[in-house]
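A.B. asks: Each residue of the sequence shown is one higher than the one before, counting from 1 in our numbering.
For the record, the hints were derived by calculation from the structure and aren't laboratory data.
Check the hints yourself; a few may be wrong.
Calculated lysine-lysine pairs in the DSSO-like style (CA-CA distance at most 27 Å, straight line) [to be verified]:
#1 Lys123 - Lys136
#2 Lys46 - Lys112
#3 Lys137 - Lys123
Here are the computed distance ranges between Cβ atoms for each label pair [as the list claims (entries may be wrong)]:
#4 Pro68 - His106: 16 to 22 Å
#5 Lys123 - Leu51: 19 to 25 Å
#6 Thr134 - Met98: 16 to 22 Å
#7 Lys112 - Leu30: 34 to 40 Å
#8 Thr96 - Pro56: 22 to 28 Å
#9 Thr96 - Lys46: 15 to 21 Å
C-beta: ideal position from N, C-alpha, C; glycine also.
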Amino acid sequence: MKFLGGYKLLQGFLILVVILGALPTFSYELTGDPQAGRTIVASRQKGLCLLCHSGPFPEEPFQGNIAPNLSDLVANLNAPELRARIMNPAITNPQTIMPSYYQPEHLTRVSKPYQGQSILSLKEIDDVVAYLITLKKE
1 MKFLGGYKLL
11 QGFLILVVIL
21 GALPTFSYEL
31 TGDPQAGRTI
41 VASRQKGLCL
51 LCHSGPFPEE
61 PFQGNIAPNL
71 SDLVANLNAP
81 ELRARIMNPA
91 ITNPQTIMPS
101 YYQPEHLTRV
111 SKPYQGQSIL
121 SLKEIDDVVA
131 YLITLKKE
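The task is simple: from the sequences and hints, build the whole structure.
C.D. replies: Structural data, given as structure tokens:
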């Protein structure tokens, strides 16, 4: 295709298909515990989400402002998309500074005792997703 830069448009479309194809579109049963997820998100030792994000945590001072508010972030995302972004945020944004919470091979500058370990387990990621879904405004 050469009309109206169709080849470049086709290349962009293929890249978009590859990216969107990488996101899970299957049904995803929420099995996590929202309260445990809230604890992880608010934790300054485990999830560390509030270093960059803010959210409905009035008891937590000094919330982040370099990433979207968690309530705003979940507005247009479903559970599989949230899970994919937590597991490896570079899927949707290769330039992200958010760490991959499950795939340790994507982490950089990791202290020796933590090399090769995920930040969160799959159960903990499911807990976080279950909590974040509760932030959706109806």
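A.B. asks: Would you mind marking each hint as holding or not holding in the structure?
C.D. replies: Here is what the structure says about each hint:
1. Lys123 - Lys136: holds (21 Å)
2. Lys46 - Lys112: holds (17 Å)
3. Lys137 - Lys123: holds (25 Å)
4. Pro68 - His106: 16 to 22 Å: Hint holds: Cβ distance 21 Å, inside 16 to 22 Å.
5. Lys123 - Leu51: 19 to 25 Å: Holds: the Cβ-Cβ distance is about 22 Å, inside 19 to 25 Å.
6. Thr134 - Met98: 16 to 22 Å: holds (21 Å)
7. Lys112 - Leu30: 34 to 40 Å: Given range 34 to 40 Å: holds, Cβ gap about 36 Å.
8. Thr96 - Pro56: 22 to 28 Å: holds (23 Å)
9. Thr96 - Lys46: 15 to 21 Å: holds (20 Å)
The structure shown violates none of the earlier numbered hints.
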